[in-house]
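In case you want the letters, here they are:
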Amino acid sequence: MINVAVVSEEKSFFDLLITHYNRLPLYFHWFKDTDSFTEQLKLEQWHVLLMINRDFDRLHDWLVKLSENKVEIPIVCSTPIPTTDDRQLLWQLGVREIIPWPVHRQELEFILKSFHEFLAPPDEEGEYLFQGSLEFINGIDLLRMFGKKSCDGILHFQWAERKGRVEFKEGQIVHASYRQMDPLTSVLVLSSWNHGFAFFKPDQYVSRRSIMLANEQIFSECREYFKERESLLKLFPSVYTPLYPHPDLNYEDFGHSERQLLHQMRKGKCLEEIKNTYEGDFNFLLKKLTTWFEKHYILPEKQYQSIKAEKEKEDSAPAFRRLVQKIFNRKESSVEETFSSDFEPELQAEEESRKEYFFNQKELLEKINRRLEE
Amino acid sequence: MNKTILETAIILKEWSLILNEWQELRISETLFPPHLRYVELNVKDDITVMVYLLDSLMKSDFNLADKIIPYIPFSYLYFAELDVNVERLMKNYVNRYQTPLLFLAPEDDKLKEKIDANANLSSKLSDVIFFKRNDIPEVAWKSIIAKGIQRIIPEAVESNAGNQNNNVA
Chain A
6 MINVAVVSEE
16 KSFFDLLITH
26 YNRLPLYFHW
36 FKDTDSFTEQ
46 LKLEQWHVLL
56 MINRDFDRLH
66 DWLVKLSENK
76 VEIPIVCSTP
86 IPTTDDRQLL
96 WQLGVREIIP
106 WPVHRQELEF
116 ILKSFHEFLA
126 PPDEEGEYLF
136 QGSLEFINGI
146 DLLRMFGKKS
156 CDGILHFQWA
166 ERKGRVEFKE
176 GQIVHASYRQ
186 MDPLTSVLVL
196 SSWNHGFAFF
206 KPDQYVSRRS
216 IMLANEQIFS
226 ECREYFKERE
236 SLLKLFPSVY
246 TPLYPHPDLN
256 YEDFGHSERQ
266 LLHQMRKGKC
276 LEEIKNTYEG
286 DFNFLLKKLT
296 TWFEKHYILP
306 EKQYQSIKAE
316 KEKEDSAPAF
326 RRLVQKIFNR
336 KESSVEETFS
346 SDFEPELQAE
356 EESRKEYFFN
366 QKELLEKINR
376 RLEE
Chain S
322 MNKTILETAI
332 ILKEWSLILN
342 EWQELRISET
352 LFPPHLRYVE
362 LNVKDDITVM
372 VYLLDSLMKS
382 DFNLADKIIP
392 YIPFSYLYFA
402 ELDVNVERLM
412 KNYVNRYQTP
422 LLFLAPEDDK
432 LKEKIDANAN
442 LSSKLSDVIF
452 FKRNDIPEVA
462 WKSIIAKGIQ
472 RIIPEAVESN
482 AGNQNNNVA
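Just so you know, the protein sequences line up as chains A and S, in that order. Numbering follows this note's numbering, with no gaps: position 163 of the first sequence is 168. Numbering follows this note's numbering, with no gaps: position 128 of the second sequence is 449.
Watch out, some of these pointers could steer you wrong.
Residues from chain A that keep clear of chain S, each with C-beta distances beyond 10 angstroms, as calculated [said to hold, decoys possible]:
{"hint": "1", "residue": "Thr24"}
{"hint": "2", "residue": "Asn27"}
{"hint": "3", "residue": "Leu29"}
{"hint": "4", "residue": "Trp51"}
{"hint": "5", "residue": "Ile78"}
{"hint": "6", "residue": "Ile86"}
{"hint": "7", "residue": "Met150"}
{"hint": "8", "residue": "Ser155"}
{"hint": "9", "residue": "Ala165"}
{"hint": "10", "residue": "Asn255"}
{"hint": "11", "residue": "Tyr362"}
{"hint": "12", "residue": "Gln366"}
{"hint": "13", "residue": "Asn374"}
In silico lysine-lysine, DSBU-like type, Cα no more than 30 angstroms apart, as pairs [as the list claims (entries may be wrong)]:
{"hint": "14", "chain 1": "A", "residue 1": "Lys316", "chain 2": "S", "residue 2": "Lys334"}
{"hint": "15", "chain 1": "A", "residue 1": "Lys206", "chain 2": "A", "residue 2": "Lys239"}
{"hint": "16", "chain 1": "A", "residue 1": "Lys174", "chain 2": "A", "residue 2": "Lys206"}
{"hint": "17", "chain 1": "S", "residue 1": "Lys433", "chain 2": "A", "residue 2": "Lys316"}
{"hint": "18", "chain 1": "A", "residue 1": "Lys367", "chain 2": "S", "residue 2": "Lys468"}
{"hint": "19", "chain 1": "A", "residue 1": "Lys300", "chain 2": "A", "residue 2": "Lys318"}
{"hint": "20", "chain 1": "S", "residue 1": "Lys435", "chain 2": "A", "residue 2": "Lys318"}
{"hint": "21", "chain 1": "A", "residue 1": "Lys316", "chain 2": "S", "residue 2": "Lys468"}
{"hint": "22", "chain 1": "A", "residue 1": "Lys367", "chain 2": "S", "residue 2": "Lys453"}
{"hint": "23", "chain 1": "A", "residue 1": "Lys367", "chain 2": "S", "residue 2": "Lys324"}
{"hint": "24", "chain 1": "A", "residue 1": "Lys206", "chain 2": "A", "residue 2": "Lys272"}
{"hint": "25", "chain 1": "A", "residue 1": "Lys318", "chain 2": "S", "residue 2": "Lys324"}
{"hint": "26", "chain 1": "A", "residue 1": "Lys293", "chain 2": "A", "residue 2": "Lys272"}
{"hint": "27", "chain 1": "S", "residue 1": "Lys388", "chain 2": "A", "residue 2": "Lys360"}
{"hint": "28", "chain 1": "S", "residue 1": "Lys431", "chain 2": "A", "residue 2": "Lys372"}
Cβ-Cβ distance ranges computed for the label pairs, FRET-style [as the list claims (entries may be wrong)]:
{"hint": "29", "chain 1": "A", "residue 1": "Asn365", "chain 2": "S", "residue 2": "Glu408", "range": "26 to 36 angstroms"}
{"hint": "30", "chain 1": "A", "residue 1": "Glu371", "chain 2": "S", "residue 2": "Glu361", "range": "51 to 61 angstroms"}
{"hint": "31", "chain 1": "S", "residue 1": "Glu350", "chain 2": "A", "residue 2": "Arg184", "range": "55 to 65 angstroms"}
{"hint": "32", "chain 1": "S", "residue 1": "Glu459", "chain 2": "A", "residue 2": "His268", "range": "47 to 57 angstroms"}
{"hint": "33", "chain 1": "S", "residue 1": "Glu350", "chain 2": "A", "residue 2": "Thr282", "range": "49 to 59 angstroms"}
{"hint": "34", "chain 1": "S", "residue 1": "Pro421", "chain 2": "A", "residue 2": "Leu240", "range": "46 to 56 angstroms"}
{"hint": "35", "chain 1": "S", "residue 1": "Asp430", "chain 2": "A", "residue 2": "Lys300", "range": "37 to 47 angstroms"}
{"hint": "36", "chain 1": "S", "residue 1": "Glu350", "chain 2": "A", "residue 2": "Lys307", "range": "55 to 65 angstroms"}
{"hint": "37", "chain 1": "S", "residue 1": "Ser381", "chain 2": "A", "residue 2": "Glu315", "range": "24 to 34 angstroms"}
Rather than coming from a laboratory, the hints here were simulated on the basis of the structure. Every residue gets a Cβ at the ideal spot worked out from N, C-alpha and C, and that includes glycine.
Assemble the whole structure, with the sequences as input and the hints as a guide.
Below is the structure:
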């Protein structure tokens, strides 16, 4: 945790920080001015001094006072867009970074997150307490290894471009992050990896606790996650069987990412390949694939080939004939229901549900016809 | 003189497309139901054809069409090219109505080439009614209506032929 002393005449700035950035591993404390800060300087170990003031001259006075008191904490200043001269002056007064106003919320979050790296000592080789391949170790066992009281730090996971982390504080898993997932799901996903490698780096700066479960509860969740995956996989013929999207699938019915996945499957993809290329929560994807498989949206190779052959035969018929047959011959021909009726419900309309034909003046038509022929 | 009015409808993608075929058509719009466009054509002194232009089937909106299609003898599906829109219109029509549907297309070599393959088509679509592009609307529609009636009442053709034979005799 990084202690940030916020010096600002207006408490509202401090309130904004603690409201919007409370999930970051930063502890903010408010001081009205530099005098009140220097009074309490020795009571706490401060890592960063964040000075916010609308008035540049006032900010300048504060910095002069701090340099007189020989305060050696890294200083970050925030003020409405400073001129080049103002910036130079601030740097001369020992300011490490300037955050000019206005600043976007996400931009500020990015800057605040960088405090950690900006203050942490540079990485040195051989600093890792542990490093190993994930192919040879079970995820739960790996997490359990760091469940000792003495373990403070971050277990980094890396699999090609994918990176995630699980943070430990005194052996307790306190936080995890992987993509945009919530902390617990991140632990579940990271512990299920059996590719890539992991390394543990002792670190005093760990995030605030976001996972409230005890380690054993987390491990039990991990086990449930594995079991769920196993049971979902059993619904498929094999993880190595290539799956194909149904030739008649209407891609417009799917969302962007689903379409992308189905498109990738057009040349056949087995579950193992999908797992290795999918970066998100694979169980979530598996549930979706299971539904698709049950609805015959995706098919194993043999079934796909037979439907495709039938379709090609149908496609080789002239275009107009195909068009008309598709509409009129549906009820006459005994086309086998090769897939779920959910695909084209609009074509399932029965004779009874169609609007009745009320015209019955056949003689009138004959009369008109005779008149037209004259 | 008694006038006979024959009502029919054209199912098409967009009502204004009909102007591509006959620029001089006078298209009227009813006050109620609103947005119902129609054309009145005097094909004979005593016969007027009222042609409703229905393009809402394209959007699967059946409000207007439900008020008309079940009560008319037949409808025409107009197309100048074979594409997915034709399929969509056909699908929406066939799934909704039992009223006979006929196909109407301009005489166009390219289009005919595409339709050439229809020699062995299903009996429900023996062929498409083609009209000459240069004919004035009244002349063209006289023939379109006659062909339409003959399609749905085949015996009308026979009786006509019989009448003509009698006349000759």
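Do the hints match the structure? See the list:
Once the 10 angstroms rule is applied to beta carbons, Thr24(A) is consistent with being away from chain S; the minimum gap is 48 angstroms. At roughly 50 angstroms from the closest C-beta of chain S, the C-beta of Asn27(A) stays outside 10 angstroms, upholding its exclusion from the interface. Even its closest Cβ contact with chain S, about 50 angstroms, leaves Leu29(A) beyond 10 angstroms, as expected for a residue assigned away from the interface. With a minimum CB-CB distance of about 66 angstroms to chain S, Trp51(A) clears the 10 angstroms threshold, and the non-interface call stands.
At roughly 67 angstroms from the closest C-beta of chain S, the C-beta of Ile78(A) stays outside 10 angstroms, upholding its exclusion from the interface. For Ile86(A), the non-interface assignment is confirmed: its Cβ lies about 52 angstroms from the closest Cβ of chain S, beyond the 10 angstroms cut-off. At the 10 angstroms boundary, the C-beta of Met150(A) stays outside the reach of chain S, the nearest C-beta of that chain being 60 angstroms off. Every C-beta of chain S lies more than 10 angstroms from that of Ser155(A), the closest at about 68 angstroms, which supports listing it as non-interface.
With 10 angstroms as the threshold on Cβ separation, the claim that Ala165(A) sits away from chain S holds: the shortest Cβ distance comes to roughly 42 angstroms. Taking the minimum C-beta to C-beta distance to chain S, about 12 angstroms, the non-interface status of Asn255(A) holds against the 10 angstroms cut. Not every CB of chain S lies more than 10 angstroms from the CB of Tyr362(A), the least distance being 4 angstroms, so the non-interface label is violated. For Gln366(A), the condition that its CB be more than 10 angstroms from all CB atoms of chain S is violated, with the nearest at approximately 8 angstroms.
With a least beta-carbon separation of about 4 angstroms from chain S, Asn374(A) fails to lie farther than 10 angstroms from that chain, contradicting its non-interface assignment. Restraint check for Lys316(A) and Lys334(S): satisfied, since their Cα atoms lie roughly 28 angstroms apart, inside the 30 angstroms limit. As the CA atoms of Lys206(A) and Lys239(A) are separated by approximately 38 angstroms, the hinted pair breaks the 30 angstroms bound. Taken as a hint, the Lys174(A) and Lys206(A) pair is honoured in the structure, with Cα atoms around 12 angstroms apart against an allowance of 30 angstroms.
Pair hint Lys433(S) plus Lys316(A) holds up; C-alpha atoms about 25 angstroms apart against a cutoff of 30 angstroms. Between Lys367(A) and Lys468(S) the alpha-carbon distance is near 15 angstroms, which keeps this suggested pair within the 30 angstroms criterion. Distance restraint check for Lys300(A) and Lys318(A): the Cα-Cα separation of roughly 24 angstroms lies within the 30 angstroms cut-off, and the hinted pair is therefore satisfied. Taking the CA atoms of Lys435(S) and Lys318(A), the gap is about 19 angstroms. The hint holds against a cut of 30 angstroms.
Simply put, Lys316(A) and Lys468(S) have alpha-carbon atoms about 36 angstroms apart, too far for the 30 angstroms limit, and the pair is violated. Under the criterion of a C-alpha separation no larger than 30 angstroms, the hint pairing Lys367(A) with Lys453(S) is consistent with the structure, at around 28 angstroms. Proximity of Lys367(A) to Lys324(S) is assessed by CA-CA distance (about 17 angstroms); at most 30 angstroms being required, the pair is judged to hold. For the proposed pair Lys206(A) and Lys272(A), the alpha carbon gap of about 42 angstroms is over 30 angstroms, so the pair is violated.
This hinted pair does not check out: Lys318(A) and Lys324(S) have alpha carbons roughly 53 angstroms apart, beyond 30 angstroms. Restraint check for Lys293(A) and Lys272(A): satisfied, since their Cα atoms lie roughly 19 angstroms apart, inside the 30 angstroms limit. Distance hint between Lys388(S) and Lys360(A) is fulfilled; the C-alpha atoms sit about 11 angstroms from each other, no more than 30 angstroms. Taken as a hint, the Lys431(S) and Lys372(A) pair is broken in the structure, with Cα atoms around 36 angstroms apart against an allowance of 30 angstroms.
As the Cβ distance of Asn365(A) to Glu408(S) is approximately 30 angstroms, the hint placing it in 26 to 36 angstroms holds. Glu371(A) and Glu361(S) have their C-beta atoms about 23 angstroms apart, which leaves the hinted 51 to 61 angstroms range violated. For Glu350(S) paired with Arg184(A), a C-beta distance near 56 angstroms keeps the hint of 55 to 65 angstroms intact. Remark: the range hint 47 to 57 angstroms for Glu459(S) to His268(A) is upheld by a beta-carbon distance near 53 angstroms.
Here the CB-CB span from Glu350(S) to Thr282(A) is close to 57 angstroms, well matched to the stated 49 to 59 angstroms. Distance hint for Pro421(S) and Leu240(A): a CB-CB separation of about 48 angstroms, consistent with the stated range 46 to 56 angstroms. Look at Asp430(S) against Lys300(A): about 45 angstroms separates their beta carbons, and that is inside 37 to 47 angstroms. Between Glu350(S) and Lys307(A) the C-beta distance comes to about 58 angstroms, which sits within the given range of 55 to 65 angstroms.
Checking the proposed 24 to 34 angstroms range against Ser381(S) and Glu315(A) shows it holds: the Cβ atoms sit about 29 angstroms from each other.
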